[in-house]
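*Asks:* Residue-level listing of the chains:
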Amino acid sequence: MTTVAAPAVTAAPATGRRPSAARSRVTVNVVMVAMILYFLLPFWWLVVAATKDNDALFSTAALWFHSPGAFLINLQELFTYNDGEYLRWMGNTAVYAGVSGVGATAVATLAGYAFAKYRFPGRNLLFSSLLGAIMVPATALAIPTYLLLSKVALTNTMWAVILPQLLNPFGVYLVRVYVQESLPDELLEAARMDGAGELRVLWSVALPTLKPALVTVLLFSMVGTWNNFFLPLVMLNNDKLYPLTVGLQSWYEGAMIQSGANALFTLVIAGSLVAILPLIVTFLLLQRYWRGGLTVGSLK
Amino acid sequence: MSLLRQQGSTAMAPPSVTPAKGLRTPMAGRRPGGLSASTRHKGMGLLLVSPFLLLFLAFLVAPLAYAFWLSLRTSTLVGGDHFSWFANYQQTFTDPQFLSGVRRVAVFGVVQIPLMLGLALLGALIIDEVSSKLAKVFRMTLFMPYAVPAVIGALMWGFLYSPTFGPVNSISNSLGLGKVDLLGHGLMLTSLGNIVTWQWTGYNMIVLYAALQGLPREVYEAAKLDGAGQLQTALRIKIPMISSALVLTLMFTLIGTLQFFTEPRVLEKTASSVITPDYTPNLYAYNLAFQYSEFNYSAAISFSLGAVVFIGSYFFLFATRKRSGLK
Amino acid sequence: MSSSRKPTSRSLRRTAVAATSAALAGVLLAACGSGGTSGSGSTQSGPVHIKVWAWYPQFKQVVAEFNKTHKDVQVDWVQAGVGQDEYTKLKTALKAGQGAPDVVMLEFQELPTIQLSKGLLDMGKYGANADKGNYVDWAWKQASDGDHVYAIPVDGGPMAMMYRTDLFKKYHLKVPTTWAEYKEEAAKLHKADPKAYMTDFGSDETAAGWRQGLMWQAGSRPYTYSASKLPDIGVKLNDAGAKKVYDYWGDLVKNKLVDTQSYATTDFYNGLSTGKYATYIAAGWGPGYLSSVAAKTSGKWAVAPLPQWYAGDNAQGDWGGSSFSVTSQTKHPKEATEVARELFGTSQAAWKIGIDQAYLFPLVKPVLNGAYFQDKKYDFFGGQQINKVFVPAANGIGTFDWSPFQDYAYNTDTSEVGKALQGKSDWSAVNDNVQSQVTSYAAKQGFKVSK
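Protein chains in written order, with the numbering used here: chain A, 1 to 300; chain B, 1001 to 1327; chain C, 2001 to 2451.
These are computed hints drawn from the structure, not numbers from a lab.
Hints are not guaranteed to be accurate.
Here are some, though not all, of the chain C residues that point toward chain A, as calculated from beta-carbon distances under 10 Å [to be verified]: (1) V2078; (2) Q2079; (3) A2080; (4) K2095; (5) P2101; (6) Y2269; (7) S2273; (8) A2371; (9) Y2372; (10) A2429.
Keep in mind the model is a prediction, meaning the values are calculated, not measured.
All C-beta atoms, glycine included, are put in the ideal place defined by N, C-alpha and C.
Take the sequences, apply the hints, and build the full model.
*Replies:* Here's what the structure looks like:
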């Protein structure tokens, strides 16, 4: 088992032994710079556009600043427009992402652990239907889920967004793989010998070992919920319950469709920028953890 | 890129994790020592799995069963609905709108998937080999779009594609090439492909990179000492060794492509004479249900699409598993 | 979705699948320890709360005004989405038999569709017929079917031509009064400045109503439909009026005398504010829209009547406009009807907000013909009393039926226009193609179609 200690342990590879090495390094650098520029382009545009007022947005060069002072005005407008509904959406999004993220991780951990370490009736059947679950298109589920939830009066509530997202088959799969690879039975048996109950074994022996996998499941579940658009769009009729994605889209529609005095473009743009920042910052800060988690599968 | 990835991205996100291991796990399960001796705790296993089981039944099995039941009925605007067995399915596979959507998505996939995975692989090989500051920036920059909601991604590109103030057009204008209509009939598929590539290359790159990082370094360090160049090492050693990861990214990309939805739906608003309601099969199913209230037929289309995806992936996995066995 | 709600839910209850899943969801609910979070309270004493979905600009103030002046009924306003998004939600809620609001804002062309799905309450039973004389004739006819009243009209979109006075002066253009003149001026303009266009031909779905409005003016009456005469429907999307419009605009497009940008794009707005387009064929709500997206061109615009097909005619068309309906799910039909009738109704205060801030074009006669509206001067239009153009236009609009599958018809039309733009089909074939697709769709949906 070579646990690949995650990030920057790459052994110095590019040796200058061959004369072509320098040239190939230049080529590689050029490729990297070109790709960086391409992938940054929309972000750059977003930052620039967020600093423009409505007029400048449509009349000045798209990729350069015009009136940076407007940024603060846009932000102020963003957070106060319509009684600060943007802030409310942001709060909703945080609740959705937090609750579904933590919940999905908990459910996946219990199930993944059970699949790995216990036998119970239906175990194989249930596990093999996991992969199948991922191939079902969400459009196929949207309407029936809506109709079923409406029978128990759950549509148009926060639960309608949270509950379906607690189901994370891949999280289960990941935890199971991780448990099998990194949690020897002997360890569990030893704890049992010491008189620990099953739950105690899970809590104080298994969980600490599983941390990297859990962080990964948590992070990706949260991102999935944060960015989800279709489910809340279908489930929610009340703009006070919207998450950011649906809220921004409703502003955008309002601006696009000719429904009167509603030029909201600057708000949509500033709102998009503010909406993606938390995720990008989280990814940057937690790099080490999630990339560690991603290499889980690469354990030999 | 697709509903699945958006809604299920919770679920989708870690496929990454599976690649290297994925295909092996079933065997791991069969290993005699793989199971805990604690089979006496049957009740405990059930208890631990029960929240998941409950969710699985409530939010997957039940809606699917309900959708299937819906798909067996036919309803029209006038005349009510009735049980019609598989009439909707029969209609699906002769529906020119459904079939043209499938064709369009197929064409899209044939061009876009190799391009995107090629870029992702190139990026993964680079960051596996180079550990400079630039490489770190490169890694993060490419991954960043994954953190952007598809709705916002499509919105940003929508602005950039603008014939009046988008940079592409100002460049082509200043070169005297005239107007490039990125949202017109001719280039729409390309423009959509660009958005998808932008959004998902970095993610796939990280998955492949994770697989590369898991390889035993000694193998290709030895090859290098034998005089193999970096390119040769990459082509002859690294790529074959991460083939199972490649297969899985390919499979998930294929699934995503067949379910192509979010990007066309966002751009549909600004270019509705190009992106018709039947542009992709999934968009078609969506519009049938949500615009035309044809819930039954829409369910049949979704099911047909799901069946195609399911059977396709199963065979794909089966075939590639065989191949990796030969290797 | 023609099944009425009741049979569906009854047969549903019979299926084991649904029962099981509902039970499961119930268990889940219990497991999550959540109490049911139901919507607006209905059992408590005090005023009845009526839930309203609408997306009018500045609607908040109108609601506040209503709540201030009503004691027993209070409005809870929700912005459930703009246009199609709201209809989608409404249709899903109607299908589910639960979740629709009491009162909903609907554009006129959506009314027959929602009505056919049994989603609308007949307000005629609750006294709405008393309003009949208050509203302009064509609007009331679209909102009702004999004594059945399915909606109370709010605002309309009589069409007119807005034009840039400065550009007209600069290029010595004459304000066209006929479509033939319009074309001549378009050629003159484009020749003088190849980057400028007389206008933009709206080819997208949001402009489907624009195209339909122009056909309305040209005398096209594509549908003969009345809910009480189901399953009969007359469909004639390729009548002479409709063909005339596409022949004309197809010709302008082919000669590159007009632009072909989608209306729902920022590029289109940009064209309005930068002088790329010298005219904007718009509707009664257009001034608000224009002054918002092209604020910096304030003072440079004027409004003239829609060019005519025959000199001296007064043929008019409508683009857009909306109404309030009461949904069949309401538990308070009487109060909901009151809300639909009085939110705007003839309320001076509400209409002051509607006119001054939301730029709505009133369809209620006392306001429409009132001096406040008719004499209002608009700074954006250089002080012009633009309603002196719009009101006569509104009065010249003839009756018009919508189909109960208008989304399908609009989408089909948009797709076919797209093909013509692309050169894949001929402009003269657009109407015929739309006609054949829509008629076969209608037949498949169980209508008895006469062509």
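*Asks:* All the hints need checking, so say for each whether the structure fits it.
*Replies:* Results for each hint:
no.: 1; hint: V2078; verdict: holds (5 Å)
no.: 2; hint: Q2079; verdict: holds (5 Å)
no.: 3; hint: A2080; verdict: holds (5 Å)
no.: 4; hint: K2095; verdict: holds (7 Å)
no.: 5; hint: P2101; verdict: holds (8 Å)
no.: 6; hint: Y2269; verdict: holds (7 Å)
no.: 7; hint: S2273; verdict: holds (7 Å)
no.: 8; hint: A2371; verdict: violated (23 Å)
no.: 9; hint: Y2372; verdict: violated (19 Å)
no.: 10; hint: A2429; verdict: violated (29 Å)
Hints 8, 9 and 10 from the list above are not met by this structure, while the remaining hints are.
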